[in-house]
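Peer 1: Sequence:
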Amino acid sequence: MIKVRNQQLINTLGIRVKALRIQRGLSMEKLAELSEIDYRQIFNIEHGRTNATISTLGALCKGLDISLSELFDSSILK
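Using UniProt numbering, the letters of the sequence shown correspond one by one to residues 1 to 78.
Hints are computed from structural coordinates only; laboratory data are not their basis.
Restraint-style ranges between C-beta atoms, simulated for each label pair:
id	residue 1	residue 2	range
1	Q23	G58	15 to 23 Å
2	K3	Q23	28 to 36 Å
3	E29	R5	29 to 37 Å
Every residue, glycine too, gets a C-beta built ideally from N, C-alpha and C.
Sequences and hints are given; from them, build the entire structure.
Peer 2: The structure is reproduced here in structure tokens:
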């Protein structure tokens, strides 16, 4: 049960990251450059294939020019 809930959260977070990236008109490659992380990691996050660390999420927020609270401030994450 816990694993299913965790996977749902991972998937939802990936959807949120992708939506924010698209809203800003960024490709995965450009977000990777701005975040200083590999674009394959962004792909895996957006597709729910990895459980991102807090430091990776912080880097993504830097690239998206948002705070961590903005990343998690969404009705889809509640």
